[in-house]
Amino acid sequence: MANILWLQGGACSGNTMSFLNAEEPSACDLVTDFGMNILWQPSLGVELGDNVKKILKDCLSGAIKLDIFVFEGTVVNAPNGTGEWNRFAGRPMKDWVRELCDVADFVVALGDCATWGGIPATAPNPTDSQGLQFLKRDNGGFLGADFKGKAGLPVINIPGCPAHPDWVTQILVAIATGRAGDLALDEFQRPKTFFQSFTQTGCTRNMHFAYKVSTTEFAQRKGCLFYDLGCRGPMTHSPCNRILWNRVSSKTRAGMPCLGCTEPEFPFFDLAPGTVFKTQTVMGIPKDLPTGVDKKGYIKLTGAAKAAMPAWAEEDIFVV
Amino acid sequence: MSANVQTLDISPVGRVEGDLDVRVDIEDGVVTNAWTSAELFRGFEIILRDKDPQAGLVVTPRACGICGASHLTCAAWALDTAWGTEVPRNAIIARNLGQLAESLQSLPRHHYGLFMIDMTNKNYKNSPFYEEAVKRWAPFTGTNYELGVTISGRPVEIYAMLGGQWPHSSFMVPGGVMCSPTLTDVTRSWSILEHFRTNWIEPMWLGCSLERYEEIKSYDDFMAWLDEKPEHANSDLGMMWRMGCDVGLDKFGKGLDKFVSWGYLPHQDKYNKPTIDGRNKAIQMPSGVFDGANGTHKHMDQAMTREDTTHAWYEEGAEAVHPFDRTTKPISNNEHDFDKNYSWSTATLHAENGHLEAGPLARELIYGGNHMEDWQYSDPLILDMYKNMGGASVLLRHFARMHEVKAIYRKMEQCLRDLKLDEPFYIKPKEQDGQGWGATEAIRGALCHWIEVEGGKIKNYQIIAPTTWNVGPRSSEEERGPIEEALIGTPIADPTDPVEVGHVARSFDSCLVCTVHAHDAKTGKELSRFKTS
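Protein chains in written order, with this note's numbering: chain E, 6 to 325; chain B, -14 to 518.
It is worth saying that the hints were derived from the structure and are not from the lab. Here the structure is a predicted model, which means the values were calculated and not measured. Some hints here could point you the wrong way.
[As the list claims (entries may be wrong)] When the alpha-carbon atoms are kept at most 30 Å apart in a straight line, the in silico DSS-like pairs for lysine-lysine are as follows: (1) B:Lys107 x E:Lys62; (2) E:Lys283 x B:Lys107; (3) B:Lys444 x E:Lys227; (4) E:Lys58 x B:Lys107; (5) B:Lys413 x E:Lys283; (6) E:Lys292 x B:Lys444; (7) E:Lys58 x B:Lys120; (8) E:Lys311 x B:Lys413; (9) E:Lys227 x E:Lys311; (10) B:Lys314 x E:Lys141; (11) B:Lys107 x E:Lys59; (12) E:Lys292 x B:Lys413.
[To be verified] Computed footprint of chain B on chain E, listed as stretches where at least three residues anywhere in the stretch have a Cβ under 8 Å from a Cβ of chain B: (13) 142 to 156; (14) 195 to 208.
The beta carbon of each residue, even a glycine, is placed where N, CA and C say it ideally should be.
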């Protein structure tokens, strides 16, 4: 039995919608099989009006034990630090968030907005948005770098725009079944079990990456999206090609370049002109190289790869 | 204080998306006046200024986690018209399929997750249908709730085959799509559609075959279908209808009685060189404005769109302007002043018709018109029901939404048949400056984007979402917005749990979270909460 409260700030409901795609366990299974008690959720909650406020206040007073507080969306501080541009249940959402985080055993930031600020915090950040414990790469965010939930962990960051439903449900199940101690977090407080490997890990285009064969324009039936189309798969930590999306695919498998949405800098380059779906290069060398590879190594690697490239690699491979 | 004035203060009403305040005046247990206030500002239009022309493909699907495919559709077509691209037929089909998959997903998800659980509210405990409603539709544990919510994830698996994931893909790009589906993607999509039909649409939702349901063309046909077999009457559709009538959902929520749709699904051979002006004649599902007062239909023209900020939290002058002329200047002091400014939503208007209601009911009423071309889609059912039932209501609005399962399912089948796997999905366009406009119908209604590209970057980007139409505040002429108007006449049985207000908001599938403040209808003064006097 674990009490979960889930609220949304500067959000699009995308993480809620993604969560509802979950199958093992499904959102309903969490309740019926794992004893999760969802106190309230903006898209699913039964109560309205003062009955919602009562739940919030009972959590704050301790009348209801708040085991897990899930927050989706940014913390909106505008205008002038008041948070009045995002009001909920009669007051700025940020005031509810501060108080609820203080009474929760575990605080989970779900999706890029809640982790690092995401799209709303893109320059010029018109809503003065922050993530719960980060703003982009900077530790601190709304709650401050020293914040810890009552169980002793900092905010558990589950990034992604949106987060994959399994990343959420598995962490909730881990906490609810007493395995929170096994959660190892990386420097950005992401569970390593999901975010140690790369988006490229398991990508169906890895052979083309290895031989430096490019998808030079969209909808080609061959090639790797890294060299021309701006794919960030080799530099992004996520299990998108290990735990498939909607059970069937991933962006890179379908032909869409990875945007790096589990990393704090998303959207990269603040979407400046010329940066969208185009690999940024200097003298023909990508500005951002695969993690851990230096420029010299990259030149050697791709030179050898090109030399070794078999003829089939330039032919269609993902064929009808 | 007058004995017949009741007071309530609801904050928030959930199961709509986002944050909304609604103020209502109540007299003799009935809403007599209403004001809707959008309570969340994220400034997407401001973020998009000076960015890469394609930034909208990344940013705007993330404006809405529920309608991301619809935003992407608009963003792509807006750039197509701005850049003057050529879009191959396969790409049009793939975009349509993506749009439709998202809409199909939303039918059971909204129906069970957001709308029907209100039928299990104790307000209806005296209804003869109540016990069965709780068994089927109670949140998380109801038999049909669990199946309906879980199976809602299946249609977007088709989207994921095209775009890699749902929500939040950006696979539609000017000149086409990023994917080039293979035969197995098509066959797997067929299998998913079949599974969805044989596990939910037919056995649970209709209690009959889709073909039998498609024979229903009029109100009388529907009533005959309902009586024809117990399987029909006891299906989730039959139960919804009978319980809805029993508890009076057909009696309130009428609204402005003026409707708008952009139409959607460009024909694969008629919109390959897309232009703003050419769209109305190229779409399968016709656009329109339906004026219920005189029963007339006409096409909708984007040039007639106006945004009026008189009562919104922006300082952009008193004149209603076309979105191309918007400047998006928020005011920092967003206090409620119901005589002046009280919402982040603008009043979105038609230059001739004023406020209009968007959504599935609007689409379906427009499909009943005779203003479209012969080859465009038409369906007389909802207009006939509207005429027989004395106009719109909460029940008809929700029924119209669920009726779309028929058109959406068949159009998806058509997309899968029409894809030609050996033909191109993308023609690389030339980037250039210009003005563009892209529109579609999200499941919850009319959605469109305007873009102006200048000097290789975005000069102006404007979005008008269905909820912008529906939740807008009063116009400069003091005409109420569609939801404001639809709340008038709503009965409130229990002021401590005014579920009826939720019915109205949820029948619009509003993309906002509601708060309701109640005020003395005579003095306008906010009264203390939960007291009746």
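For which of the previously enumerated hints does the structure constitute a violation, in increasing order of number?
-> 2, 3, 13, 14
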